[in-house]
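S.K.: Residue numbers (the working numbering), protein chains in the order written: chain A, 32 to 458; chain B, 399 to 644.
Read the hints as simulated data drawn from the structure, not as lab findings. From the three backbone atoms N, C-alpha and C, an ideal C-beta is built for every residue, glycine too. Among these hints, one or two may not hold up.
[Claimed, not checked] Looking from chain B toward chain A, a few residues come up when the C-beta cut is under 10 Å (computed):
id, residue
1, Y421
2, K424
3, Q542
4, W543
5, A549
6, L552
7, S555
8, G564
9, L605
10, R608
[To be verified] Each computed DSS-like pair below joins lysine-lysine, with the alpha-carbon atoms no more than 27 Å apart:
id, chain 1, residue 1, chain 2, residue 2
11, A, K287, A, K386
12, A, K287, B, K424
13, A, K287, B, K423
14, A, K289, B, K423
15, A, K289, A, K371
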Amino acid sequence: MKWPRTLASRLALIFFTGLVLAYGLSFSLQAYERYISSRSMMLSNLEQDVVTSVAILDRLPAAERAAWLPRLERRTYRYRLDEGLQGSAMPSTDPPMAAESIVKAIGAQYPLTFQDIPGPNAHFQAHLRLADGAPLTIDVTPAPVPVARWLPLVLLIQLAVLLFCTWLAVRLAIGPLTRLVQAVDTLDPDKPGVLLDESGPREVKYAAVAFNALQARIAAYLKERMQLLAAISHDLQTPITRMKLRVEVMDDSVEKDKLWHDLDAMEHLVREGVAYARSMDINTEAPCRINLDAFLDSVVFDYQDSGAQVERQGATGSLLETRPHALRRVLVNLVDNALKFAGKAQLEVSRERGKTLIRVLDEGPGIPADELDEVLKPFYRVESSRNRSTGGTGLGLAIAQQLTQAMGGRLTLSNRKSGGLCAQIEL
Amino acid sequence: MEHVDHILIVDDDREIRELVGNYLKKSGLRTSIVADGRQMRAFLEANSVDLIVLDIMMPGDDGLLLCRELRAGKHRNTPVLMLTARNDETDRIIGLEMGADDYLTKPFSARELLARINAVLRRTRMLPPNLTISESSRMLAFGQWRLDTTARHLLDSEGTLVALSGAEYRLLRVFLDHPQRVLSREQLLNLTQGREADIFDRSIDLLVSRLRQRLGDDAREPSCIKTVRSEGYVFSLAVQLLESPA
Chain A
32 MKWPRTLASR LALIFFTGLV LAYGLSFSLQ AYERYISSRS MMLSNLEQDV
82 VTSVAILDRL PAAERAAWLP RLERRTYRYR LDEGLQGSAM PSTDPPMAAE
132 SIVKAIGAQY PLTFQDIPGP NAHFQAHLRL ADGAPLTIDV TPAPVPVARW
182 LPLVLLIQLA VLLFCTWLAV RLAIGPLTRL VQAVDTLDPD KPGVLLDESG
232 PREVKYAAVA FNALQARIAA YLKERMQLLA AISHDLQTPI TRMKLRVEVM
282 DDSVEKDKLW HDLDAMEHLV REGVAYARSM DINTEAPCRI NLDAFLDSVV
332 FDYQDSGAQV ERQGATGSLL ETRPHALRRV LVNLVDNALK FAGKAQLEVS
382 RERGKTLIRV LDEGPGIPAD ELDEVLKPFY RVESSRNRST GGTGLGLAIA
432 QQLTQAMGGR LTLSNRKSGG LCAQIEL
Chain B
399 MEHVDHILIV DDDREIRELV GNYLKKSGLR TSIVADGRQM RAFLEANSVD
449 LIVLDIMMPG DDGLLLCREL RAGKHRNTPV LMLTARNDET DRIIGLEMGA
499 DDYLTKPFSA RELLARINAV LRRTRMLPPN LTISESSRML AFGQWRLDTT
549 ARHLLDSEGT LVALSGAEYR LLRVFLDHPQ RVLSREQLLN LTQGREADIF
599 DRSIDLLVSR LRQRLGDDAR EPSCIKTVRS EGYVFSLAVQ LLESPA
């Protein structure tokens, strides 16, 4: 048998098997005990009863005997005044205990022959001759001690109680664990975490407190990291400004161009750094209802006006509750990325199953499948084809991802069948 | 004697203000430099300037405060160009809300600054706007629309946000600043070609039709932006300043 996979079912199995076994054992022990004692009582009753009955029948005049028979009849045996039925001789080994008792009771006074009567309800008969030579047959139908009708019902109820208690105990034990797992699962340092309920049994309370503390610590570290990034980026802006201003008044030369280029790269990095640090707390922007088509148009037209090849496909005609600046930033980052690697970009919008999907498509080289998740991490850059002269800070996609998440959406990257990259925002 | 524009640069970083000052001077402008708000006030008492370049992040009174002060006093018509060390949408919005005419994010290049200065000067001189946008009233209302002049988007009668591209916003803003006045294509081109100068490849006509579409204006029977044959366009609706709802 396969060991069940969930902790709940394992615990339930152990508890239940244990309880049922223990209970079953004690029940059978009791039943056995009762069986033994009641049997010995029955047999001794039988002995006395048979002695008395046979003695009575023997003393009675032959004519009165038949009238006494019903009075002497018992549940498992009765007397007959004939030769009895013809059966097979009872084997001498392992005779029924009732037969032994009969032998013990009257075997000394009357010679007995036992015959097994086969049939649907097998029984046996003891034949003897009374003092006047009249035949007497004791017909014995061994039957178990009768069991109360309510016993199975009580058994069932007890089983049900066992089951219920097992379920309750397992639930009690598993519940907090499940909640903890859920909390850890949904633990997202970028969002204010959901605090676990710090109540319940002591162990559960400790776990909840520990988890909440862990969550707070992670959030604090992340915040610190972001503040560091923001501070460095921010403080670099002034020196870069000075340098740019100085380079600008230099005489034209190759060196000047190179310096200028480097400064541009630094500036870009600093801006992205600040933007990334800020993307952590976009809650400053209030969500509002926007006309999605007009919004996408405005993004696309801004690109077209500056001479970039960006097109829009599809329309939803829908209104969307969102944070427009954050969404714009996400789209701009994705489109910039597409333009950088493919030179062209397409914005596609659709509504599917109650969700708004915005896709940024390009026909560039795409991203190796095993790096699709990696590129969403800050400062990660695809080594192969992507970083030739394009540089980039490795923050654009991270910012997009961060903001999309903060908006309650999802950003997924995939390679298109026809080649190129598809970045999908699900809102 | 020909008028030489006088630019006042207010920045607490000595190197930056000197470098900027020298560059602008070399470019044919008259420049003065001061280090903080106190000096700025003293300077403005004694001199008149055509434009103020104001750094936001300064010890003591910061740029936003100074800008608000300027807008409230006798220099309310002097254009202000903000320099901000932060790169964030909210800074831009705050800056413009405080009454700055334009803003520039550090690190910037002196050439870019010069281009912006010229654009702002040209804009304020060519056609001074009929309405003065101020901190408390940044909403322009016309027809069933409202234009948020700091966040730069339209709101319809139900409060739904309708985004505008940069060029669309600038064109609409020119129209709203000069309603019921015929504007030639050259004027429109000049007034709208802001800092990105991105309007060159797109004719004004295309932009007007895009804007009409955005406003739900029928191109054959336009009610907002009417075509004046061989002259240009006119914005025919009345424009109102709204007190800020926020």
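S.K.: Each hint: holds or not?
M.R.: So, going through the hints one by one against the coordinates:
Because the beta carbon of B/Y421 sits about 6 Å from the nearest beta carbon in chain A, less than 10 Å, this interface hint is met. Because the beta carbon of B/K424 sits about 8 Å from the nearest beta carbon in chain A, less than 10 Å, this interface hint is met. Interface hint at B/Q542: violated, since its Cβ lies 14 Å from the closest Cβ of chain A, which is beyond the 10 Å cut-off. Because the smallest distance between the Cβ of B/W543 and any Cβ of chain A comes to about 12 Å, over 10 Å, the interface hint for this residue is violated.
Because the smallest distance between the Cβ of B/A549 and any Cβ of chain A comes to about 8 Å, under 10 Å, the interface hint for this residue holds. With 10 Å as the threshold, the beta carbon of B/L552 comes within range of chain A, its nearest partner Cβ sitting at about 8 Å, so the hint holds. For B/S555, the interface hint is violated, the least distance from its beta-carbon to any beta-carbon of chain A being 13 Å, above 10 Å. Taking 10 Å as the C-beta contact cut-off toward chain A, the hint placing B/G564 at the interface holds, the least distance being around 5 Å.
Here the hint on B/L605 is kept, as its CB sits about 9 Å from the closest CB of chain A, short of 10 Å. Interface restraint check: B/R608 against chain A, minimum CB-CB distance 7 Å, threshold 10 Å, status holds. With a C-alpha separation of about 51 Å, the suggested pair A/K287 and A/K386 falls outside the 27 Å cut-off, and the hint is violated. Our distance criterion of 27 Å between C-alpha atoms is met by A/K287 and B/K424, whose separation comes to about 19 Å.
At roughly 21 Å between alpha-carbon atoms, A/K287 and B/K423 fall within 27 Å of each other, so this suggested pair holds. At roughly 26 Å between alpha-carbon atoms, A/K289 and B/K423 fall within 27 Å of each other, so this suggested pair holds. For the given pair, A/K289 sits about 21 Å from A/K371 by alpha-carbon distance, which is consistent with the 27 Å threshold.
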